[in-house]
Amino acid sequence: MRMWFVCRFCCPAAQSNSNPEWEAKVLEYFKGQLREKESHSWVPSLNDVPLHYLKPNSLVKFRCLVQDMFDPEFYMGVYETVDPSTKANVLRCGKYKDVTECGVDLNSRNTVTAERQTFYCVPIPGESPWAKEISFLSAARVVPSTSYVPSRQKRSYEEDDDDMDTQPQKQREPHTGGKFGTVNEPHGNGDSKRQETEAPSSQTTAPSDCSSHLDLNFPLPGERGPACLVKVYEGLDSFKLNDTLEIYGILSVNPVLTVLGEEKDPSLLLLNPTESMETPEEQRAHDPPASLVPRLHMLYARPLQHNNPLLPSAPTEDQSAFVSSFLVEMASVRAELLAYLTHVLLGDGLAAEYLLLHLISNVYTRRDVLPLGKFTLNLSGCPLNSYTERLYQIVQQLVPCSYRLSMSLHTMNSMRLVPKKDYVANRLVSGALQLARNTSLFLDETQLEQGQLDSSGVRNITALGNLISWQKVDYDFSYHQMEFPCNINVLVTSEGRSLLPSDCQVPLQPQVTPPNMEEYLTTIHMAQFTSQINKFRVYLSLARTLDYSISDEVTKVNATFDFSDFQPLHASQEQDRTTEESQWQRALITNTPSGVDIKKKNVMWNKHFSF
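At position 131 of the sequence shown (counting the first as 1) the number is 131 in the UniProt record's numbering, and the numbers step up by one without a gap.
Hint data in this document are derived by calculation from the structure and do not stem from the laboratory. Cβ atoms here follow ideal geometry from the backbone N, Cα and C, with glycine treated the same way. Possibly wrong hints are sitting among the right ones.
[Unchecked claim] Simulated pairs of lysine-lysine, PhoX-like, Cα-Cα distance not exceeding 20 Å:
#1 K240 to K472
#2 K240 to K420
#3 K240 to K421
#4 K421 to K472
#5 K472 to K420
[To be verified] Listed next, with one range per pair, are the computed distances between beta-carbon atoms:
#6 L370 to R35: 36 to 44 Å
#7 E518 to D422: 38 to 46 Å
#8 E336 to E553: 21 to 29 Å
Use the sequences and the hints to build the structure in full.
So this is what it looks like as structure tokens:
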């Protein structure tokens with residue numbers, strides 16, 4: 001399916017009609033097209049296709065996190081120009097574009113000023129390589145011709161239309177027929193397939209004078225991918241900071257936007273008349289080169305409940321059929337996953353049970369300040385050397401989004417975890433705790449050595465404690481702090497009891513002592529078929545998002561527990577007991593639909609673990 005209809009936004013006939021009813025019909029047309037089965041796979045993605053292969057003013061999509069929200073801006077919704085051939089006055093629409101094509105009559109009484117807002121969006125932080133690869137394999141493919149020329153603006157769109165096409169791939173089988181694990185895990189093939197749609201590095205490298213001082217403001221160090229300035233016209237109240245969205249919109253990469261603020265040609269009029277009022281620092285942050293940070297004029301945005309490409313991303317009939325077919329084998333998949341985690345945790349079945357509960361935990365509501373559903377796990381007694389790093393790699397292979405924070409003294413003293421407002425550039429400087437919902441945050445406390453935490457380190461430890469206890473991050477606005485709720489799964493690995501709070505501490509009790517830990521864990525992971533790993537991935541995402549209710553029988557069992565009798569097994573008598581409310585919350589978490597019967601749960605309560 002070609003995206004030829006996108007160009008109607010740019011044709012004079014459409015632009016001369018500024019009737020709001022026409023605009024509503026256009027938006028409804030796009031939404032209707034995107035409701036068709038498999039239609040989302042027809043649209044090229046900024047996450048998967050190099051920017052220089054995408055056609056300007058075409059329909060694209062972007063899977064992203066809203067990292068910052070800039071102040072509202074005014075633009076010329078309708079403006080009047082003089083047609084150079086007929087010398088007649090023509091009304092044009094300024095919506096879904098950044099730059100006017102012809103000279104604007106600034107004295108025209110027909111000029112209409114409108115308002116829009118700009119979001120700074122980045123790829124979802126910590127997205128796992130397997131999730132990116134499967135999304136890439138199932139995305140619309142943009143195929144360039146052999147006579148590809150990087151300077152796209154020098155070619156006419158008519159010529160280029162013959163060189164570019166979009167074709168849906170056939171790797172989306174997990175969404176149909178209830179067959180699971182049919183997406184093959186790439187082992188080298190994915191890289192070669194990516195090269196088919198990537199130009200040589202000499203063509204993709206940004207000019208050194210632009211990239212050397214431009215910070216793309218990714219929350220996590222080492223992240224790569226496109227950042228994007230998203231222009232939003234409708235439904236501003238429905239979006240929040242840190243939302244994860246799949247945005248469909250018109251791509252704008254006008255060469256005028258590639259040159260930084262003060263170097264722009266004054267003869268070219270931008271649609272935002274307030275742009276000249278910005279300071280150089282603001283212009284650098286708000287108007288980066290379009291070759292590095294393209295503009296995307298939003299037509300439609302879907303909130304993402306998850307970013308697992310093996311599951312349908314929107315509530316549809318296909319999703320209902322998919323869930324129904326998977327529920328049949330959910331209990332068996334859970335048993336296989338538990339056995340896998342038991343091997344990974346050196347034969348400790350109890351630790352595997354709690355790790356599984358941790359992986360499917362989810363903040364489903366808040367009662368006053370208490371987030372219900374969170375389950376931070378402290379796995380203590382972990383072997384040193386490379387065990388925790390390999391454990392994280394295994395967790396990363398199971399969840400679609402994760403990040404490992406090595407809590408060394410240097411990292412805690414130097415790393416910025418909490419986002420901070422930069423009033424000079426008028427932007428929110430990202431921090432490592434600006435994460436998407438349901439991200440697995442792996443805190444490796446075994447890396448912490450003796451030494452002194454400075455003031456920055458103390459603030460970072462405090463921020464981690466608040467995240468664990470209250471599922472919130474207090475962003476630094478210099479003169480005050482602003483609280484942002486979050487939903488992050490935190491797993492802490494440590495030698496002894498963690499210095500951070502947790503909902504449950506489980507001392508690891510290895511039943512096997514492999515002579516070569518690295519080889520042992522590698523063998524366990526490689527023994528799993530790709531189809532089996534994919535089933536584990538589907539199970540964890542579904543168990544977290546499905547609605548469920550606790551039966552009366554389980555409720556009665558929980559009601560009979562006397563929580564005052566539970567003492568921390570290895571803690572001193574002077575240590576404060578956990579509040580009854582949080583203990584009750586843990587009882588509810590252990591009764592999530594994970595396939596454990598009541599008798600087994602009673603045994604788990606009395607086994608060797610401490611709160």
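The hints, checked one at a time:
{"no.": "1", "hint": "K240 to K472", "result": "holds (15 Å)"}
{"no.": "2", "hint": "K240 to K420", "result": "holds (17 Å)"}
{"no.": "3", "hint": "K240 to K421", "result": "holds (16 Å)"}
{"no.": "4", "hint": "K421 to K472", "result": "holds (17 Å)"}
{"no.": "5", "hint": "K472 to K420", "result": "holds (15 Å)"}
{"no.": "6", "hint": "L370 to R35: 36 to 44 Å", "result": "holds (39 Å)"}
{"no.": "7", "hint": "E518 to D422: 38 to 46 Å", "result": "holds (43 Å)"}
{"no.": "8", "hint": "E336 to E553: 21 to 29 Å", "result": "holds (26 Å)"}
In this structure, none of the earlier numbered hints is contradicted; all agree with it.
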